[in-house]
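Engineer: One letter stands for each residue in the lines below.
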Amino acid sequence: MTKSASGSNNDDIIELGLPVNPAYVSAARLTASSIANRMGFNIEDIEDIKAAVSEACTYLIKQNSQNRQSMFQIKFILKNKFLEIFISAKKDPSSTDSDEDGLGILMIEALMDDVDLTTPDDTSIQIIMHKKLR
Amino acid sequence: MTKSASGSNNDDIIELGLPVNPAYVSAARLTASSIANRMGFNIEDIEDIKAAVSEACTYLIKQNSQNRQSMFQIKFILKNKFLEIFISAKKDPSSTDSDEDGLGILMIEALMDDVDLTTPDDTSIQIIMHKKLR
Amino acid sequence: MDFKLNSLYDNTKNIWNITIEGEIDIYNSSLLKEKLNALIQEHKTDLHINCDKLEYIDSTGLGSLVSVLKKVKQYNGNISLCQLKPNVAKVFKITELNKVFVIEGANND
Amino acid sequence: MDFKLNSLYDNTKNIWNITIEGEIDIYNSSLLKEKLNALIQEHKTDLHINCDKLEYIDSTGLGSLVSVLKKVKQYNGNISLCQLKPNVAKVFKITELNKVFVIEGANND
Ligand SMILES: Nc1ncnc2c1ncn2[C@@H]1O[C@H](COP(=O)(O)OP(=O)(O)O)[C@@H](O)[C@H]1O
Ligand SMILES: Nc1ncnc2c1ncn2[C@@H]1O[C@H](COP(=O)(O)OP(=O)(O)O)[C@@H](O)[C@H]1O
Numbered sequence: 001m002t003k004s005a006s007g008s009n010n011d012d013i014i015e016l017g018l019p020v021n022p023a024y025v026s027a028a029r030l031t032a033s034s035i036a037n038r039m040g041f042n043i044e045d046i047e048d049i050k051a052a053v054s055e056a057c058t059y060l061i062k063q064n065s066q067n068r069q070s071m072f073q074i075k076f077i078l079k080n081k082f083l084e085i086f087i088s089a090k091k092d093p094s095s096t097d098s099d100e101d102g103l104g105i106l107m108i109e110a111l112m113d114d115v116d117l118t119t120p121d122d123t124s125i126q127i128i129m130h131k132k133l134r
Numbered sequence: 135m136t137k138s139a140s141g142s143n144n145d146d147i148i149e150l151g152l153p154v155n156p157a158y159v160s161a162a163r164l165t166a167s168s169i170a171n172r173m174g175f176n177i178e179d180i181e182d183i184k185a186a187v188s189e190a191c192t193y194l195i196k197q198n199s200q201n202r203q204s205m206f207q208i209k210f211i212l213k214n215k216f217l218e219i220f221i222s223a224k225k226d227p228s229s230t231d232s233d234e235d236g237l238g239i240l241m242i243e244a245l246m247d248d249v250d251l252t253t254p255d256d257t258s259i260q261i262i263m264h265k266k267l268r
Numbered sequence: 269m270d271f272k273l274n275s276l277y278d279n280t281k282n283i284w285n286i287t288i289e290g291e292i293d294i295y296n297s298s299l300l301k302e303k304l305n306a307l308i309q310e311h312k313t314d315l316h317i318n319c320d321k322l323e324y325i326d327s328t329g330l331g332s333l334v335s336v337l338k339k340v341k342q343y344n345g346n347i348s349l350c351q352l353k354p355n356v357a358k359v360f361k362i363t364e365l366n367k368v369f370v371i372e373g374a375n376n377d
Numbered sequence: 378m379d380f381k382l383n384s385l386y387d388n389t390k391n392i393w394n395i396t397i398e399g400e401i402d403i404y405n406s407s408l409l410k411e412k413l414n415a416l417i418q419e420h421k422t423d424l425h426i427n428c429d430k431l432e433y434i435d436s437t438g439l440g441s442l443v444s445v446l447k448k449v450k451q452y453n454g455n456i457s458l459c460q461l462k463p464n465v466a467k468v469f470k471i472t473e474l475n476k477v478f479v480i481e482g483a484n485n486d
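Chains as they are written, first to last, in the numbering used here: chain A, 1 to 134; chain B, 135 to 268; chain C, 269 to 377; chain D, 378 to 486.
It should be emphasised that the hints constitute simulated quantities derived from the structure, not laboratory data.
This structure is a prediction, so every number in the text was calculated from the model and none was measured.
We treat Cβ as the ideally placed atom computed from N, Cα and C, and that holds for glycine.
One thing to keep in mind: the hints can contain errors.
[Stated by the list, open to error] Here are the simulated lysine to any residue pairs, SDA-like style, with alpha carbons at most 20 Å apart:
(1) K301(C) - I286(C)
(2) K224(B) - E15(A)
(3) K79(A) - Q203(B)
(4) K213(B) - G17(A)
(5) K353(C) - K338(C)
(6) K421(D) - S384(D)
(7) K209(B) - M71(A)
(8) K301(C) - P354(C)
[Stated by the list, open to error] Derived Cβ-Cβ restraints for the label pairs, each shown as a range:
(9) G17(A) - D278(C): 50 to 56 Å
(10) E364(C) - Q418(D): 54 to 60 Å
(11) Q73(A) - N144(B): 16 to 22 Å
(12) D121(A) - N305(C): 56 to 62 Å
(13) K412(D) - N282(C): 53 to 59 Å
(14) E178(B) - Q451(D): 43 to 49 Å
The following block holds chain A by itself, in its conformation from the complex (with noise of 0.2 Å):
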């Protein structure tokens, strides 16, 4: 779907809440995908964005390790030129990023057009992505 195709000149959001649990992260790269091939991207970008946002996933799980019971909030925005995505969770108050979180970050920027990670607060972290339709 191109934007013109929606009929309206709004952004189109998507949210997604999923356990922070492992076994979801397959359902979040799943959802990220259909929605970006809808949205119109090419192939390579398709696959970019499902990464990006498994590698997001995963780094906000090794970072809230104690509490399974908390949700991730995903938000797909579909801006006039790109796409727009928030992925938050809580954080442990103790968690500290290891070598290997680093990896997931890096593979991120890579993948995605621009990256940002925020704490908003000391319970939280938000990592906000952008990838540019082409």
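Dock chains B, C and D with the ligands against the given chain A, drawing on the hints supplied.
Structural biologist: Below, chains B, C and D with the ligands without anything else, positioned relative to chain A:
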């Protein structure tokens, strides 16, 4: 993933919000299929759940033809022995079922173990469906 | 997640040989109807549809097929479908459309 | 959405021929490590991994492979991967792990 693999006694809940737009029905279908897979359903049951979610979205789109800005809310709840799915959206006050819409509901009834169509109020419709884990 | 339709007119048998690949749902089922209607405008013959690579069809896709079948019946033609995947065969069965279309040979891969 | 690993020990060449199918992520990457470690306990040889049907691998899956490679290097062995799909080849490239593993032949289907 079986219930015990989630490492918790609480129900796992997945929530998906999508624009009420035919372009996103495939995303709902794919997400449902991925979740059902993780919950340990067999291939035939996964296909049934996928088709039932798709038909429910399609039914709601047809009841909501005037308002493409509104959202579907889809909620998947893994209970002990079954998957419960809630799908709701706004409806047009004027909408009535056509014969063809009835086909979709008939299909959901054949595919799932239990289906309930409710109108919590005059402006929205909710479809609730169950599928037992075998 | 879209569908692809290939068609080849068989001169000697006077039939349309058609393959449909992918997924048909409310997003693209009207396109399916248009494409099939265009074929029967060109040659008023039977339609043989190979569904080997049809991964999914929903109630609106079935509606499109029924709509085309009505037109095909007008010239005493028929629509047959073969190589249906189990999930596709199932929707024809539960809607009893397996009694309306000619369904040949399953695909159990 | 899980993965399947098949392995066959080649007696004459003294190598493990392995195929991995499916998707590897944080849910199952520790299982990948366990399965490969079991193989090199049995025969301390090179691992040849065919990735023809590997649809996806994430950072934790790469971490598992690196962990196994460290053990393989201890006996002067190696791990080679062939027939990588474009998206899988890409994650090896962006992490520069294509310089650490032997990557042979692409899969551009
Ligand atoms: N944590 C979040 N989760 C989901 N959506 C968010 C989050 N933060 C911001 N957004 C959404 O992103 C959009 C832009 O956010 P914002 O950062 O305020 O934009 P800008 O910096 O462009 O003003 C808004 O529609 C908002 O709802
Ligand atoms: N419209 C809805 N959308 C999403 N979830 C819902 C909706 N209605 C009920 N639920 C959820 O379903 C669960 C059970 O709902 P309810 O109908 O109150 O259960 P019961 O009839 O078993 O008491 C609750 O967790 C509730 O959050």
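Engineer: Could you tell me which of the hints above the structure violates, numbers in ascending order?
Structural biologist: 5, 8
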